[in-house]
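Trainee: From first to last, the protein sequence lines stand for chains A and B. Taking this note's numbering, the leading residue of the first sequence gets 16, the next gets one more, and so forth. Taking this note's numbering, the leading residue of the second sequence gets 8, the next gets one more, and so forth.
Hints in this document: simulated from the structure, not taken from any laboratory. Quantities reported herein were computed from a predicted structural model and do not represent experimental measurements. We put the beta carbon where it would ideally sit given N, CA and C, even for glycine. Hints should not be assumed to be uniformly reliable.
[Unchecked claim] One-sided and incomplete, this derived list gives chain A residues near chain B with beta-carbon spacing under 10 angstroms:
hint: 1; residue: 37
hint: 2; residue: 43
hint: 3; residue: 198
hint: 4; residue: 199
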Amino acid sequence: MSQIEIGRLLRASTTGCVVGCKVANHSVLSFGEMVVVPLDEKITIYGLIYEINIDDDGLVRQLATAENINPAVIEDNRVNRSVPLEVSALFLGHSQGVKILHSLPPRPPLSLDAIYPLTETQVIEFTRAGHFGYFRHILRDPDLPIAEILSAHIRNVASVQAKHHPEWIQDATREIITLLRDDYATLNSVLNALADIDQYK
Amino acid sequence: MTEPDQESIGYIVGGGLKDNLRVRLTLPPQKVQEGAFVVIESGDWQFYGLTTDLQLGSTDPRFADEQSEQRLPVELASLLHGQTLYTNLEILPALMRERGPDPASPDYQAWRDAHQDDPPLLPIKTIPSHHAPVRLAGAADVADIFGKPEKKENFPIGTTREQDHPVCLNLDKFVQRSSGIFGATGTGKSYLTRIILSGLIHYDKTSTLILDMHNEYGLDDTSTDTNQRVIGLKSRFHSKVRIVGLGREGSIRGQNSDFNLEISEDDIRTADIEMLISELNLRETTPASLEGLYQSFRDKWFHEFKAMQIGSEIEMERDGKRMKVPAPDSVAAWANQAGVNVTAAEGLRGKMNRVFDLPYIVEKPAANGLDEIIKCLEAGMHVILSFGSHESDLDYLLVSNLLTRRIRETWERKTNQFRSGKGNEPRPLVIVVEEAHKLLNREMAAQTAFASIAREMRKYYVTLLIIDQRPSQIYDEVMSQLGTRVSGWLGDEDDIRAVLAGLAGRDALRGMLARLQPKEEVLMLGWGVPMPILIRSRRYDDKFWEELLGKKSSVKSESQLKKELGF
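Just chain A, with the same shape it has in the complex (with noise of 0.2 angstroms):
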């Protein structure tokens, strides 16, 4: 597991969290990718961050509106901040021991557990168990913005796969067309959105 802390749990339900972190982390954070929560000793839970929200406070509001702000007080703001960033993770499985299962993991993580990025391993590891089942657990909310999610987290996943299993992104692109071929709206925007994708230009 990787040693950096992203952040620490707001909330949680079994489907996924919302983890405050702090401005500082702002940089590693990134949509798309995918995150661990220790559960306890033998479980640990697997997610995708889908969102991430930067909420405003009284002080902030302010200072968006003053005319000619020091940077230093922009600095101040940021670093010493009282409102977090609020990153919302879904959850897409979890591991038992060495055993890793795209199912929903038994209860949700406590409050404050830290959150963790996934390693190039652990990725490797999760996205290549079973036959892409966890694709389902992103598929299943119609509000997510599913075809943004899935190329963020194809392109992510295909840029670390590409050294071990170069077959992996064709091979999970071939899986949301069979399970979107019967949405042709929804297929169509992820096919777009997958057309992006360094490998696919």
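Once you have looked at the hints, place chain B on chain A.
Mentor: Only chain B this time, still in chain A's reference frame:
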């Protein structure tokens, strides 16, 4: 190692016995063609079927409508097409055979012990499961169903279209029932007939009588299409084949026949003339007039009627008055005496002039050609009756029917003798009839010997091989009796329907017949073959003869020649 043609081409996705099976093709559609012979393995069973249709499909019609390759990167579009666009095969299931468990499984030995012989082929009674793999039939499958070419009774008639595996016609079965070779003009019927006849003659379990209306089969010829030499059956089978010329000259394109056929006037029966009602434009009074003639003259009726004059009168005195009365040699005199309508009798006499003028019907033939032909056939020879210059429908109808009637009588008698233990088993005989619709149309079928041969002569060792380009003109009852049917391309819907009459799966096969290549592709189907199959027929060329007779077929040893000549 798996043979290339043993690889799966798709898997079952639906269908049934009535609607055929649907197979999702996993190859590009161009890799499989209509008519392909496929094998489906499912559980302990192996199924055999024929591809009858290919259909493009899509999971959503919009995927098919939109040319996504213009909008998406090539690889992505290819993946999309692979998952959303597909080809379905329609398979006509025909046969099934139990194959037992996997030979590697522990259950196999127990199954093998219970099935010492290979389980038989069965007509299709059930269907394979969903997702059962489908593959093109390999050489072993084709041999398994249609017979191994090494066996003498299995005559390779062509090859499967895709993989070129030899497809055999079981000649034993072929001659057990009447058969037909069909195809529009120019589709190679004559070549196919030559090939099958060569097989029959070479196999030598049956005699054949070929009614060669157009003088095609006996002697070497030149193809009208290619201007190449076409070998005649006589050239290859020598003394096994007798060429009979019709008439005293009896030459065929300037070449002499083995012997000639002249017909005695006494051999003509009134029924032979009744059969010509349409050809001679006879009236409905004809049967009564003919019956009167037969009652008056018996077997000499033809000779006597021929000698009668129409309208000849003599003057004679009656009751003191001179009056004209029919001359004693007139038709009217005979009609009055026999109680037959004079006008009808005179009309018949006039119309029969065409028959009386036929040069090969004579009072006393130089030799009994009819008996000679029958003797040859009984002796296991093959007779080709060439009509020479007598190529009119009248010649063909009259002579064919007369000859066939004699054969039927002879073979019936021989069979009855054999069954009562007083004679040898008759040699099976195949009568080859060209332009069959002329003899077997609805009007003629009841009057000629051919219809009864097609219907019932199987029991008497005589069957027909009919060759025709208009099968729809042949009487349904005769068509339905045909065992093996071999058909080239047919364009007319009625002809296609006629060829497929009485067969299972005819709806699926109909389109296939209409889409055959105009030459060399034939559909073989019917009782005589285990299942319908589309084949590329063999070419009738030197290679064919080499394969059939061996390379040195044309050079015969002295002892062989002497044997054939009867020394």
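Trainee: Of the numbered hints stated earlier in the document, which are not met by this structure?
Mentor: 1, 2
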